[in-house]
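There are 2 protein chains.
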Amino acid sequence: MVNETQHTCSASSSSKSDGGSSSGSESSKDSSRCSTPVLDAERHERLREKMRRRQDSGDRWFSLEFFPPRTANAAVNLISRFDRMGAGGPLFIDVTWHPAGDPGSDKETSSMIIANTAVNYCGLETILHMTCCNQTKDDITGHLQKAKRLGLKNIMALRGDPAGEEWEEEVDGFNYAVDLVKHIRNEFDDYFDICVAGYPKGHPEAESYESDLKHLKEKVLAGADFIITQLFFRSETFIKFMKDCQAIGITCPIIPGIFPIQGYHSLRQLVKLSKLEVPQEIKDVIEPIKDNDAAIRNYGVELAVSMCRELLDSGMVHGLHFYTLNREVATTEVLKRLGLWKEDPRRPLPWAVSAHPKRRVEDVRPIFWASRPKSYIYRTQEWDDFPNGRWGNSSSPAFGELKDYYLFYLKSKSPREELLKMWGEELTCEESVFEVFTCYISGEPNKNGHKVTCMPWNDDPLATETNLLKEQLEKVNRRGILTINSQPNINGKPSTDPIVGWGPSGGYVFQKAYLEFFTSNEIVTALLKVLKKYESRVNYHIVNVKGQNITNAPDLQPNAVTWGIFPGREIIQPTVVDPVSFLSWKDEAFALWIEQWAKLYEEESPSRMIIQYIHDNYYLVNLVDNDFPLENCLWQVVDDTFELLNSPTQQ
Amino acid sequence: MVNETQHTCSASSSSKSDGGSSSGSESSKDSSRCSTPVLDAERHERLREKMRRRQDSGDRWFSLEFFPPRTANAAVNLISRFDRMGAGGPLFIDVTWHPAGDPGSDKETSSMIIANTAVNYCGLETILHMTCCNQTKDDITGHLQKAKRLGLKNIMALRGDPAGEEWEEEVDGFNYAVDLVKHIRNEFDDYFDICVAGYPKGHPEAESYESDLKHLKEKVLAGADFIITQLFFRSETFIKFMKDCQAIGITCPIIPGIFPIQGYHSLRQLVKLSKLEVPQEIKDVIEPIKDNDAAIRNYGVELAVSMCRELLDSGMVHGLHFYTLNREVATTEVLKRLGLWKEDPRRPLPWAVSAHPKRRVEDVRPIFWASRPKSYIYRTQEWDDFPNGRWGNSSSPAFGELKDYYLFYLKSKSPREELLKMWGEELTCEESVFEVFTCYISGEPNKNGHKVTCMPWNDDPLATETNLLKEQLEKVNRRGILTINSQPNINGKPSTDPIVGWGPSGGYVFQKAYLEFFTSNEIVTALLKVLKKYESRVNYHIVNVKGQNITNAPDLQPNAVTWGIFPGREIIQPTVVDPVSFLSWKDEAFALWIEQWAKLYEEESPSRMIIQYIHDNYYLVNLVDNDFPLENCLWQVVDDTFELLNSPTQQ
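If you read the sequences in order, they're chains A and B. If you use full-length UniProt numbering, the first sequence corresponds to residues 1 to 651, in order. If you use full-length UniProt numbering, the second sequence corresponds to residues 1 to 651, in order.
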């Protein structure tokens, strides 16, 4: 019989490794308590631990490399790509350092900000590349401090390309990647996981393959945690390299860099930069089809798949690193054919988690931002502490200012012309607004034949879960109950349910029915009368843009609307209707009318005035049906309201 | 439309009134958060607020006065009485100050300790009387500081009887109750609620009725929050007094003191002490029946009921204060006949809450102490903080030492002889111990004809809820699965369910099935094999007295086994199986074999050695069936275990 009491709480043990870090995100009090049930072990692990665990369990994985985009619009697209490719389950992504692009700045397109977005807003484990040559110690320390502040935990330490043609060693400068590795370990102790580059054919500037291997070992001895290799064209190249590394005592993980050939020109450019030679057998295939992009890509996918299969079959490789060139199709195809692309419908929590270390403990959010998670993360990024276990009295955490419409990762993906087609070139009355909402719900084209695929409050089409309510929602939107958020009631479905499930298997998830909408003063007046009948069953908050607020929430307590019961764990309640944060959300929800919709039209135009009128006069209403085991009564509440409005005594 | 956003969280607003108190129980961080959903508003209110709320809602109430007992045994009995009379729902109880009995000491029988027990262990709102005459300022301050430290929040400020025959004012001393009121307000600001005495017939030593009223007003002006009156015999007496008080501007609550006549001698004694005159019409009835206790008590009840009815009908009285003389029958009878005795089967939480202010936020406990709540409170009394919201990583809170068997409020109510009759004058083998457990469960007398109404781990007969499992429990105890704690699984019963319900109405309560027992090494070995089959469904902890511990709890996380979902609130999970506190409980559970059972027998006697053997060799096991919506599988686990033991391959 084994004494198994030595288990430690993984939250507190991993926070320990942050050591005397000055991040300030974890007070000693927090680190001595594990108040968040560990739902998703990976969320609390460092990258090197994740890698080790996957290796131990024989679970194969992949990672994806991106470079920073050139324009803000390209950045918006890249972020959508992060979300889409993140769905396939990469162990991490990495973002290259682009010295010419002011990589450490706050620009939307800088390496730093792109990596920040990947970690914080897309919830992806991220490695930020960093080069050291031609930079001062202070510059580098400054970049590292900033990366840490933003929640980045992994650095790929590189030398980078010298600025001049002829490069000379600087005395006491950063001449090699190993200098950067040492600097990171000196200045930041064990805070960062460090990755270094390996060259299966030897670095082009190295004296010899052997001396390059020695340099690699120096980097590992200086503190690197794992190695990602330069691209190569034959699996034997990597396997030989791997064996040679092991022979000289390099024991850390070595991850092969895979480059699926995606086009003739990109291949040529990459080969030029990396000073690699393309094997003749590949050249022989490519040259004849060099103007047929599709053919080359197909060949590239084929080639990559077979090389990856050989690598995996060798038993020496557990993970594959893909040079995506910021493109989606070829890499995704390779991954799918290898069976590594794992779109896991199971979510650790009902909302997308952020990978920032201080958000590790975050396990409850207000339901209001369900369709705008990036805005919620942005507006709470300054919080030192996250409501955990219980939302608590949310009057203390102050939400960030509402100046964020401009932030590129909150921008609508659709351009103005497209929005006008969806939401109407010209609005004639409030009903034409109802029509837009109705089309968004129904998926039917509007009267000009355009589908409405997003709304100011929902940048994506209707969630699968909301589809469960589609028919009812369509009916009420048509009548001026302009819904922006809703969920059905769920009474104990398995946590593995493909639509409403989340959390570990073997559990049960629950929801209270929720409905949130804008509506007119007239409807609110009737609704309030109707709600009296439902007083003990339905909680409501009704607020206008001025903050006039009507509620029956007891003592301004939050109402848990999503929760889960799991084997061997405490109850998880990840979503609440919180009266205090509702007032912050209200500002955002009303502002979106103007910022995203009204401003599409000329000032003083009738269309703009209609939206302005709604903004000024409508109410934002949320309703919760507390009786989750019974049939959702919120539709009855709405029906009763319309019945009251239509009854003769009301006219 | 009203702006209702001004609601404040009652927890934080009431903690504010503790002001700059040095109790240390509430850090600034705690008071800025309301992390406990307010289940029971009263738990967060001061006595004067409760009184006001009852008055506003027209809800009538009563309170009960007790005096400190003379002996430790009498104290044990009084505490049982607190529990029983507490069930009727008094707004508060009060404990008189007994200057001759060292009232501020740590003796089991002191006023201070009795009041402490009422607050902390019986969860009763309690007023401690305190007299000031013939005492130094330092003595008094010391008593008040101690009262505050123990969690007492209310003081009845009295002058007390002068020690000598002829009393003289001391210069700068405490001559009147008003001096004590002023002192409390000076030294403790608003921390205490202060009660003072009113004399419907005027104080016997007062110059006049009018001057006595003036003194009363002075006490109120000095800071008293409400008044309890001396006893009286006619409702007109009180009503006149009340009107006279109002006429001179006394606006605080005035509570009539009711004395149900319970016997000839006690009446005579009380009248002598209080210098009151018994009205002739009462004397006329009593004198002829003075030797018939029952007749006098019946008359007393009758008289009290009709006087109380008159008081309540006057519309001037909302609460009645009863001088119980530490007796139960007459007062309970009066209260029941008045309809004020309200045994409310609804519990705010599944366990008995403590009324100590720092335990206001306590909303989760380990299930292990379910039958020993006073022990749990005692062992956690030094905690600064209570796990709220989540039990969290309970390795931080250190449980108090196991030296508490001697504490009078943890003593068994039954004397040694009775325990021997129940648990066996002589034990012959382990099976005779099984028999004791089985009889406790079945309620059948043991072979000597004695019912087993308590066990070392359960001082009371089987809980109603446990009765649901009675048949199964009886079967397994007979075979050596010696159960000490269990609960059935519950999948969403209304919170008002008379057996398993708790919390506010309109909610739903849930439980995972739980079973805790001692059993032999042989059975544990088979059980562990069987549990492999149930690995994903059943969590277990198996430990022996030496601390050898086998568990499948993930990351030593607590497992929520009782939770409730309520309208407009966060999820409440008041009971957990917590791996860390289980090891503290294990010490207590094993020690009870020796302290409460083995020590009944002579050293070296066979009976004692049998218990000692069990203590040294048995395991303490707990099992949780996580699949609460399905039929409890724990009985199947036990059946499978016995089947395995009986299978030929095992023999």
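Hint data in this document are derived by calculation from the structure and do not stem from the laboratory. A portion of the hints provided could be inaccurate.
Each pair may be met inside one copy or between any two copies, as identical chains are not told apart.
Straight-line Cα separation of at most 27 angstroms, DSS-like style, residue types lysine-lysine; simulated pairs [claimed, not checked]:
#  : residue 1 : residue 2
1  : Lys586    : Lys447
2  : Lys470    : Lys290
3  : Lys217    : Lys107
4  : Lys533    : Lys470
5  : Lys146    : Lys342
6  : Lys451    : Lys290
7  : Lys475    : Lys532
8  : Lys201    : Lys413
9  : Lys243    : Lys470
10 : Lys272    : Lys342
11 : Lys451    : Lys146
12 : Lys447    : Lys240
13 : Lys240    : Lys421
14 : Lys342    : Lys243
15 : Lys217    : Lys599
16 : Lys336    : Lys358
17 : Lys532    : Lys493
Now for the hints, and whether the structure bears them out:
1. Lys586 with Lys447: neither (30 angstroms within a copy, 72 angstroms between copies)
2. Lys470 with Lys290: neither (49 angstroms within a copy, 81 angstroms between copies)
3. Lys217 with Lys107: Classified as neither; 36 angstroms inside a copy, 73 angstroms across copies.
4. Lys533 with Lys470: Cα proximity of Lys533 and Lys470: one copy only (26 angstroms, versus 43 angstroms across).
5. Lys146 with Lys342: Close neither inside one copy (33 angstroms) nor across copies (64 angstroms); limit 27 angstroms.
6. Lys451 with Lys290: This pair counts as neither: shortest intra-copy Cα distance 39 angstroms, inter-copy 96 angstroms.
7. Lys475 with Lys532: Answer is within: at 23 angstroms inside a copy they meet the 27 angstroms cutoff, but 52 angstroms across does not.
8. Lys201 with Lys413: neither (42 angstroms within a copy, 84 angstroms between copies)
9. Lys243 with Lys470: neither (58 angstroms within a copy, 66 angstroms between copies)
10. Lys272 with Lys342: Intra 34 angstroms, inter 89 angstroms, cutoff 27 angstroms: neither.
11. Lys451 with Lys146: Result: close neither inside a copy nor across copies, 43 angstroms intra and 73 angstroms inter.
12. Lys447 with Lys240: Cα proximity of Lys447 and Lys240: none, with 64 angstroms in one copy and 81 angstroms across.
13. Lys240 with Lys421: For Lys240 and Lys421, neither the intra-copy (58 angstroms) nor the inter-copy (82 angstroms) Cα distance is at most 27 angstroms.
14. Lys342 with Lys243: The answer is neither: 30 angstroms in one copy and 81 angstroms across copies each exceed 27 angstroms.
15. Lys217 with Lys599: neither (58 angstroms within a copy, 68 angstroms between copies)
16. Lys336 with Lys358: neither (33 angstroms within a copy, 57 angstroms between copies)
17. Lys532 with Lys493: between (31 angstroms within a copy, 26 angstroms between copies)
Hint check: violations occur at hints 1, 2, 3, 5, 6, 8, 9, 10, 11, 12, 13, 14, 15, 16; the rest are consistent with the structure.
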